[in-house]
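This is what each chain is made of:
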Amino acid sequence: MKELQERAALNPEGDSLIIRTAVRLLVPFIQLYGLYVIVHGHYSPGGGFQGGVVLGASFIMLALAYDLKTSLRHMSERVNVLLGNLGVLIYVGIGVLCALLGGLFLDYAALARLIPMAAEEWHSLGIFLVELGVGLAVMSIMASLFWDLASGGDMEEGL
Amino acid sequence: MKTFAFLATLATGIVLLYGTGDFAPWGDPASPANSHVSPVYIEEAVAETHVPNLVTAILGDYRGYDTMFETVVIYCAGLAVVSVLRRSRS
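Chains D and Y, in that order, give the protein sequences.
Start counting the first sequence at 1; every next residue gets the next number (the working numbering).
Start counting the second sequence at 1; every next residue gets the next number (the working numbering).
Treat the hints as calculated values from the structure; they're not laboratory data.
Where is the CB? At the ideal position from N, CA and C, for every residue including glycine.
Please note: incorrect hints may appear among the correct ones.
What the hints assert, rightly or not - Chain D regions said to be covered by chain Y (calculated; three or more residues, Cβ under 8 Å):
| hint | region |
| --- | --- |
| 1 | 22–33 |
| 2 | 84–91 |
| 3 | 100–112 |
| 4 | 137–143 |
What the hints assert, rightly or not - Some, not all, of what chain Y presents toward chain D, calculated at C-beta under 7 Å:
| hint | residue |
| --- | --- |
| 5 | THR9 |
| 6 | THR12 |
| 7 | THR20 |
| 8 | VAL51 |
| 9 | PRO52 |
| 10 | GLY60 |
| 11 | ASP61 |
| 12 | GLY64 |
| 13 | MET68 |
| 14 | THR71 |
| 15 | ILE74 |
| 16 | GLY78 |
| 17 | VAL81 |
| 18 | VAL82 |
| 19 | SER83 |
| 20 | LEU85 |
Please put together the full structure from these sequences, using the hints given.
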């Protein structure tokens, strides 16, 4: 890893023009696909965990093809931590909200007291909100795991 | 000590393999796993949650508590790595 870090320091923009260009073109589509996987989890294989990993992988790809700094420019560490916390908060918050509104913990039908909708519709929407929280948390954790492990924690130079 | 560990592992393995013989055949509709909650999910999940993907319906609704703690486990893993490794340049 030390050797790889030294090589990265010599050539800070990454080593191959082909890989850099391919990643630059691919990353927006990967992120769009990640969002699609999260949102379309109701109708096809997918959901928060898978979509979150795809989103996180797009930032890891940037760090691998360019360098860690480029990756951090696209998703700052502060925002990343914020999103990760927000994701878990959304999940737990919805559960607590359901309980406060008189239902059981994570019984989405209780949310009908906030916005009147059929119980089935609230179950569907509740699953979506919860999956969104999972996706945010997983994306943030995947990216920050890579950043921390690859740079040894100082966020200076990665692999 | 190594011999004892090997024998203990071997004995446990034999017991587990012996127990495998009593499993219901894979996909048996009369097995306990397929005859209690599974039919209810298959018959009622779409009507109760309006989610055509049964896996998502079970993961996000019927087993929402489990999924919540799966998320918390991942969150704790990330938190541990950040708190152990992250250091600001000084």
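Cross-check of the supplied hints:
Coverage of the region 22–33 of chain D by chain Y is violated. Counting CB-CB distances below 8 Å, 0 residues qualify, and the rule asks for three or more. Counting residues of the region 84–91 of chain D whose beta carbon lies closer than 8 Å to any beta carbon of chain Y gives 4, which meets the minimum of three for the stated coverage. Given as covered by chain Y, the region 100–112 of chain D passes the check, having 3 residues with a CB less than 8 Å from a CB of that chain where 3 are the minimum. With a threshold of 8 Å between beta carbons, the proposed coverage of the region 137–143 of chain D by chain Y holds, since 4 of its residues qualify and at least three are required.
The restraint placing Y:THR9 at the interface with chain D is violated, with a minimum CB-CB distance near 33 Å, outside the 7 Å limit. Because the beta carbon of Y:THR12 sits about 32 Å from the nearest beta carbon in chain D, more than 7 Å, this interface hint is broken. The criterion of a C-beta within 7 Å of any C-beta in chain D is not met by Y:THR20, whose closest approach is roughly 30 Å, and the hint is violated. A distance limit of 7 Å between C-beta atoms decides the matter here; for Y:VAL51 the minimum to chain D is near 5 Å, and the interface restraint holds.
For Y:PRO52, the interface hint holds, since its Cβ comes within 7 Å of a Cβ in chain D; the closest pair sits about 6 Å apart. Because the closest C-beta pair between Y:GLY60 and chain D is about 4 Å apart, less than 7 Å, the hint holds. A least Cβ separation of about 6 Å between Y:ASP61 and chain D falls short of the 7 Å threshold, and the interface hint therefore holds. Hint status for Y:GLY64 relative to chain D: holds, with the closest Cβ pair at about 4 Å, below 7 Å.
For Y:MET68, the shortest C-beta to C-beta distance to chain D is roughly 5 Å, which falls under 7 Å, so the interface hint holds. At its closest, the beta carbon of Y:THR71 sits 5 Å from a beta carbon of chain D; the interface hint therefore holds under the 7 Å criterion. Nearest Cβ of chain D to the Cβ of Y:ILE74: about 5 Å, under the 7 Å cut. The hint holds. Hint status for Y:GLY78 relative to chain D: holds, with the closest Cβ pair at about 3 Å, below 7 Å.
Given the 7 Å rule on beta carbons, the hint for Y:VAL81 holds: about 5 Å separates it from the nearest Cβ of chain D. With 7 Å as the threshold, the beta carbon of Y:VAL82 comes within range of chain D, its nearest partner Cβ sitting at about 6 Å, so the hint holds. Interface restraint check: Y:SER83 against chain D, minimum CB-CB distance 10 Å, threshold 7 Å, status violated. Against a cut-off of 7 Å between C-beta atoms, the interface hint on Y:LEU85 holds, since the closest Cβ of chain D lies about 3 Å away.
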